Structures are given as C-alpha cells and as structure tokens.
Amino acid sequence: MISFPTLLILILLLLPLIFGAPAENPKALEKILVEENPDTTENREKIRGIISEAFENRIPRVQGRQGVAPPVKLMALNYGPKNNQTKRFEELNSEINEYTFESDIMLNENQAKNLANSIINGNYRSKRQAIVDTTLFWSPSTPIYYQFDSKLSATNIANVRKAIKFWNDNTCLSFQENNSGKNRLFLSSAGGCWSYVGKQDNMPYQVVSVGPNCDSLGTATHELMHAIGFWHQQSRSDRDDYVYVDFSNIIPSQAYNFQKMPLDQAQLLALKYDYGSVMQYYPYAFALDSSKYTILAKENGMQNSMGQREAPAFSDLIAVNKLYNCTSQCKTKMTCSNCGFTDPKNCNQCKCPNYFTGPTCDALPTGTAVNCNGAIIQAISSWQTFNATAGDPNSYTSSQGNSSSCFWHIKAPAGQKIEFKMTTAPMAAICMQECPWQAVEINLGQFDLYGMITCCDTMLNQVLTSVQNVIALRGRVSYNQLKFSVQYRAVPNQGTATTQTCVTI
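Numbering (mature numbering (1 follows the signal peptide of the UniProt record, and there is no 0)), first residue to last: -20 to -1, 1 to 485.
Mixed in with the good hints, there may be bad ones.
DSS-like cross-link-like pairs, simulated, lysine-lysine; straight-line CA separation at most 30 Å [said to hold, decoys possible]:
id: 1; residue 1: K391; residue 2: K313
id: 2; residue 1: K162; residue 2: K302
id: 3; residue 1: K7; residue 2: K131
Okay, the calculated beta carbon distance ranges per label pair [as the list claims (entries may be wrong)]:
id: 4; residue 1: N305; residue 2: N101; range: 29 to 35 Å
id: 5; residue 1: T20; residue 2: T122; range: 26 to 32 Å
id: 6; residue 1: T377; residue 2: A355; range: 26 to 32 Å
No wet-lab data here; the hints were simulated from the structure. Since the model is a prediction, treat every value here as computed from it, not as a measurement. Note that the Cβ used here is the ideal one computed from N, Cα and C, for glycine as well.
Given these sequences and hints, build the entire structure.
Here's what the structure looks like:
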C-alpha cells in the first residue's frame, strides 16, 4: 500500500503532465520575451493562468472523450511511411508550448477570456474562422508596417520577404518596411515560429517569430496570416464534420489546443473547410504516440493534404480578400471562371486557382518543370490512358523549397462528368506521407479548394467521379522525374445537372 505522503508527492509530480506546468518557466519566457518584445512576463503569466484554470475545470469532460478509438475505415488507409523530413510547430515550439495556444498563437487577454468561456461552456454554435473584433483589423488603406530584427539571418529575411510579397501580390493589403511605423510587425526570432492574432492596437509593435526552422514560404505566410487575423482551420466549430480528432492519442496537458473557437472570437466568412489550407494543423500534432495520427480526414484521399506548408491554398487567398472586402476596390468585377475572383491589384483580370491562368481563369498554366507534357485532354465515353511526365530523370538533388510544377486538365462534354483513376503511381522508392519529393494533386472540380495529394499506391485503380465536367491535375516535383499514368472516360450526369459552387467575394 502506498503511504499518503508518497501518494501526495506522486500527485504533485503528475500535475504538470495533466494541467501544464503550474509555475513560471523563466527559460520559456526568456525565449518569448526577447529584448525587443513589448509584451511582459506579467501579461504572459496572466493569460496562461486564464487558460489553465478554464481547462482544469473542463478536463474531466475532455478526458471522457479519450480512449475512444478512431473509426477503423480511417485508420486503415495507407499513405506510406511517416514523413520525418520537416519539424512541425509543436516540435519547433516545444520549449514555449505552455505559453502558446495551438502551438504558435500568442493570445491577448480578451482572446484568452473568451476562449476560457468556450472551454468551460462549450459554446460552438457558429461556424467561424477569422477575427470578429474590429479593433484587431488592419486597414487596407493604410500600410501594415514591418521591421526586421537585426539578429535574423539573411536566409530568414529573404524567406519572409517572399511571404510578404505573396500577401502584397494576392490581396488588397499593403505591407511596407518601416522601422518606426506605429503598430508595426517586428519580425524576429523568439523561441520558434509564432504570432499574435490580428492587430494588437495596445502595443507599439508586435512580434512575429520567424527565425531558424521557420524558413519555408508556407510557414512564413502562415504566421503572417495569423497576424492578419486568422485562426487555425481545425479550430472551426464545424470541424467535426470534416476531421476526426483522436483525443486518446493527444497529450492530456495539450488537449486544450484542440478547442473549437467561441462564437464571439471568429467568423467563418461562408468559406468551405479546406484540408489543404496553410492554416490546417499537421495530422500528428501533440501526439502521445508520434507514429499515430491525432487528426484524421473524414474525406477519402485528403489525409496527405493536411499540414501542407508549400504555400497558402487558394481558399486562403479568398479568405483574406473576403475578410478585408478587397474586391470593393474595383468599380466593376470581372466574370471569372473556375472559382477565380477579381484581382484587387488589377481590376481588369482575375485572380486564379493554381490549376488555371489567363485573364478569366480558363486556360492551362505553363508548367515550370522541365520535360512537362502538360495538356488539355478530352474525355470520350470509352476508357483512355494518359502517361504524364515532368522533371529531370537525371537529377538526383532535392529542392523541397523550390519545387516545380506541371498541369493537366481532363475535360468531358458539357453536362457530363468524368470517371478517373490512377493506374501507376510516382516513384515507389520515395513514397511517403505528404509526398515531399514528388506528388500528384487531384482536384475533381472544387477549384477553390486544395486537391488530394498522392504519391504512393493509395489511390491506384480507385474510380473517382468529378463534380463537374473538368478534372485538374498538378504534378509537383522536388526530386528526379515525376511519372504516373491515369485512365479516364466521360459519363452521363445522373440526375440534375451539376454546377460549380464557388464562394462569392
């Protein structure tokens, strides 16, 4: 029998594992509160306490969901070996996780209080994603000033400049370097990759941590998207319709990171759930067993798309432009095809999904990969075969940060759909989850959303049916030559005619 004093000691030792560390962590705060950060120890501890207390009251309900095994049909899908090539936010930010929300968000006090209420009360009645509080909005008519920390490396600065250019080019927001601008973003290296959400009007400037290991376009644009005013994709209140969160495999003290956002903190903007959003969590986030998923896609084929950090998805562009009402800057709007929208930086052309180009988004993009045999392929009623290639078969160097692409469209006559299947997959020797070396992105006609990513035999000979009369394929090559084969045919549209449904902005 264990004595009472021994039992008490064991309980005290286990409390940090259950609720998070109970006392100030000087090492973590030292990383966050770099010399230039105007935030304070008192503020970080206060916010941490708000969340910890709320979650402590909530933890029996959260733990009640643990131990429930995910559906067998989801666990049985084979996406290849786990990709260990890139460290994720929860790993990069492991030393400061107790002071962050969802691994890379620094909450302000109002956000923490509202989140605490949602943890305690379970208030998830609205489908929401972006900020609501207008004091957190930036003004499209005023530059968002930014400053680089002199301690950042040239590589980090170059990467962040690419991310800033991306949002400058694709939205009506205007970022401008200004080392003394009010409410500027201070781009620094502060213990990982993280940001505040929205404009912190009570700070002279706000830190966005984009130092070592944050040096990909996707990661930098992700943190800037937080600063612009967006939460994570899996925070949406409707997320359980699209993903299964396996609480049985989540570190108990980190379960609060899977809270859905409260009613008064975010707005969905009538956007669809996008597994490939640059704001979607990695599917192993905060896992007890790092070989098993904590988030599983309920839609077949979409698991590999979650956590992609190549670049923002087209839905992310739509989200930012819609939140800031960017197209209102154009007196007249373009009639855009394939879910494109009027480009707020050039009102005489459309902003197009990756799979399309041209003034109205109805043309095939020119691939950047060598030996790209991109084409528009016409489907007829009998099965046909196409062999796709892109990349250099004699290249044995990898470049994940600078991949090249090739595009193909498969078209059926108007009013018909396409049945499609992959018959050979890319190089099996480099097959792994997320397909970092070579990938085929398949979009069945929802062009405002990211497609399904495959590189293994997962999708072989599975017959997929388009949602309209066009399927778009994108080959992504970071190593050697991508080669795959598909079969396709046009089929009658059963029932009522299908029309493309795009978000209006």
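Quick rundown of the hints versus the structure:
Between K391 and K313, the direct Cα distance comes to roughly 27 Å. Compliance with the 30 Å bound is thereby established for this hinted pair. As the CA atoms of K162 and K302 are separated by approximately 25 Å, the hinted pair is consistent with the 30 Å bound. With a C-alpha separation of about 19 Å, the suggested pairing of K7 with K131 holds against the 30 Å cut-off. Evaluation of the 29 to 35 Å hint for N305 and N101 yields a pass: the beta carbon distance comes to about 32 Å.
For the hinted restraint 26 to 32 Å between T20 and T122, the CB-CB distance of approximately 27 Å keeps it satisfied. A beta carbon spacing of about 27 Å between T377 and A355 agrees with the range 26 to 32 Å that was offered as a hint.
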